[in-house]
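Chains R and F, in that order, give the protein sequences. Using the numbering used here, you'd call the opening residue of the first sequence number 1 and step up by one each time. Using the numbering used here, you'd call the opening residue of the second sequence number 1 and step up by one each time.
Note that these hints are calculated values from the structure, not bench results. Don't be surprised by glycine CBs; every beta carbon is placed ideally from N, CA and C. Do not rely on the hints blindly, as some may be mistaken.
[Said to hold, decoys possible] In silico DSBU-like pairs for lysine-lysine, Cα to Cα no more than 35 Å straight-line:
1) F:LYS175 to R:LYS138
2) F:LYS175 to R:LYS110
3) R:LYS138 to R:LYS352
4) F:LYS175 to R:LYS355
5) R:LYS135 to R:LYS355
[Stated by the list, open to error] Selected chain R positions facing chain F (in silico; Cβ < 7 Å):
6) SER96
7) SER100
8) LYS135
9) LYS138
10) ASN139
11) ARG141
12) GLU145
13) THR148
14) GLU189
15) VAL272
Chain residues, written in single-letter form:
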Amino acid sequence: MPPKNRRNLNALYPDSLPVKVTTLPPLIPHNPISLCQYAYALLLGPFISGFKQPVRYTASLEKTSDSVSSYVSGIFVESEQDMQALWRSGFFGKGSQSRSDPTWELRVVKRLNIPGREGMLAPEELTARRREARKRMKNERALAEAATTLGREIAAPALISDVAPVEIANEKLQVAEQVMAKKARAEDENLLDSNGNIRRLERLEITPQEAFFLTYALDVLDIYDDHTGDFVSAPHLLGLLMPDWRPDNEFILKYVVYHHYRSHGWCIRNGVKFGVDYLLYRRGPPFSHAEYGIVILPLYSDERRNQDSRRDWAWISGVNRIVGGVKKTLIMCYVEVPECIDTWHTVEELLKSYKVREISFKRWMPSRNRD
Amino acid sequence: MSQASNQDVGTSMMKSLNSTPTGSSSSRPKFGSQGLADRAFNAASAENNLINSDLAHRVKLNLDLQHLWTDLSVHRMPALSPESFKFLDAEELVFVLGRPTDRLYATDLYDADGLPSHEWILPVRTESNWSIRRWVSVFESLEAFTNESIKRILMAMYTDDSTVVYYFVHNGLIKPRKNG
Chain R
1 MPPKNRRNLN ALYPDSLPVK VTTLPPLIPH NPISLCQYAY ALLLGPFISG FKQPVRYTAS
61 LEKTSDSVSS YVSGIFVESE QDMQALWRSG FFGKGSQSRS DPTWELRVVK RLNIPGREGM
121 LAPEELTARR REARKRMKNE RALAEAATTL GREIAAPALI SDVAPVEIAN EKLQVAEQVM
181 AKKARAEDEN LLDSNGNIRR LERLEITPQE AFFLTYALDV LDIYDDHTGD FVSAPHLLGL
241 LMPDWRPDNE FILKYVVYHH YRSHGWCIRN GVKFGVDYLL YRRGPPFSHA EYGIVILPLY
301 SDERRNQDSR RDWAWISGVN RIVGGVKKTL IMCYVEVPEC IDTWHTVEEL LKSYKVREIS
361 FKRWMPSRNR D
Chain F
1 MSQASNQDVG TSMMKSLNST PTGSSSSRPK FGSQGLADRA FNAASAENNL INSDLAHRVK
61 LNLDLQHLWT DLSVHRMPAL SPESFKFLDA EELVFVLGRP TDRLYATDLY DADGLPSHEW
121 ILPVRTESNW SIRRWVSVFE SLEAFTNESI KRILMAMYTD DSTVVYYFVH NGLIKPRKNG
């Protein structure tokens, strides 16, 4: 199905991860020319592509301390360029004032009617527009149905399905814009600086799992402590995120699952809105809805602990009905927890001591589903 | 809420803002590799404390910037029966108070000025555990603080990627609505 908003999504989001990959020419062992080409590209490739520095991004880590301990309370990407880059290549993070990608500034421009700044529609506006169009369509259908039952001749019904969605959308947009323009608040004065520019009040917040994946697995993100300004290395970050160092620490369980699905090419994002740990997108939110909801469950070698941490049927059924209600499939993702993680030497060895097993779960109604 | 009590909580909010340990944005260090845009960002946060790492302030900012609520303020109040909160921060509860863009229920009444009434929002994290005792304490603490009977609050659950999910928590049962 072509994308509804008619933007070229593939051109907008070409990379599924924030790393640049160079393809080497084909290597055919008995063909000396291909050998030369291969060696040439392998050795001189980096020079030919213009001494490009590997792309790096910067994030800052905030800590909150209570009476007992201090913990990581958020990891933020603050530069506009990095925010956009991390969203566009792999859909990392979430704009702190937006539903998904950081579009707050765009929405302020539209809402406050700031001249000279026209642009694309934010996804929030697209949804609002689609809902309006749908509501209108339903109203018209109801009217038409009422008219038909009254036995009056009316040419409208054929029209309803044929009304160009674009026309409805455009008309709706104008209405929506008028409504938005009316809604200026006293608070909006705080949004502009003394020169009338919009202040940068939106950041991209990335989850601990995303942050660790970007620093450890991809090595494209530099994290600095927000308070001290110190650089936070990957092992240091791991220590901050799992201070208790328990084998079934929530961070490490979630990270193992995150790493697992990212490695298999999925776009994996927060699933809190649907009561699950993660959502899996085939390519990313702009392309299609998430197909799977992931629930993470620890699996211990000690069966008594598994019995203790067992979830009951009411819970599974509830989660499954929510996930099923939004046309996703529930996956129960079991993470085999090692008994002890004291003996690891590298992060890689630590991660290797965890294993992932999945069960997919789907309600079946004998009277309805025949296949 | 009457104008007078609004004033009072306003000043108490100012005090609590100043005593917030994370609130002093002037101490926010700037690290070397940041670009111009980031310095603008830091300057903005120093300007009037709109950005603050505090959970309540993040929720307040989200209601302000994303959901366009008005008249927002943060309130700290002593928790009654704090023993039910031993996993929470301290012996105080932090609420956000604000006015939505429209009433949240079709049966809600508007204020005398024709605007929707203020709502109390309790910012929480997904990690916190809840018991009926804790909820009772939440309502009792808020009632003691406001001297009003509180029928419902909004729970704002903040997750680690800044997703905030809002849930109504009602004090007891509510009458079902006609034509829901």
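Right, here's what the structure says about each hint:
Taking the CA atoms of F:LYS175 and R:LYS138, the gap is about 29 Å. The hint holds against a cut of 35 Å. Taken as a hint, the F:LYS175 and R:LYS110 pair is broken in the structure, with Cα atoms around 40 Å apart against an allowance of 35 Å. Under the criterion of a C-alpha separation no larger than 35 Å, the hint pairing R:LYS138 with R:LYS352 is inconsistent with the structure, at around 54 Å. Under the criterion of a C-alpha separation no larger than 35 Å, the hint pairing F:LYS175 with R:LYS355 is inconsistent with the structure, at around 49 Å.
Simply put, R:LYS135 and R:LYS355 have alpha-carbon atoms about 47 Å apart, too far for the 35 Å limit, and the pair is violated. The beta carbon of R:SER96 is positioned within 7 Å of a beta carbon in chain F (closest approach about 4 Å), and the interface hint is therefore held. With 7 Å as the threshold, the beta carbon of R:SER100 stays out of range of chain F, its nearest partner Cβ sitting at about 9 Å, so the hint is violated. Because the smallest distance between the Cβ of R:LYS135 and any Cβ of chain F comes to about 16 Å, over 7 Å, the interface hint for this residue is violated.
The closest approach between the C-beta of R:LYS138 and any C-beta of chain F is roughly 17 Å, which is over the 7 Å cut-off, so the hint fails. Checking R:ASN139 against chain F by beta carbon gives a least distance of about 17 Å; that is not within 7 Å, so the hint is violated. At a threshold of 7 Å, the smallest CB-CB gap from R:ARG141 to chain F is about 20 Å, leaving the interface hint violated. Nearest Cβ of chain F to the Cβ of R:GLU145: about 20 Å, over the 7 Å cut. The hint is violated.
Restraint check, R:THR148 versus chain F: the minimum CB separation of about 25 Å is more than 7 Å; hint violated. Proximity of R:GLU189 to chain F is violated relative to the hint, the smallest CB-CB distance being about 11 Å (cut-off 7 Å). A cut of 7 Å between beta carbons decides the hint on R:VAL272: the least distance to chain F is about 5 Å, and the hint holds.
In summary, the numbered hints that this structure violates are 2, 3, 4, 5, 7, 8, 9, 10, 11, 12, 13, 14.
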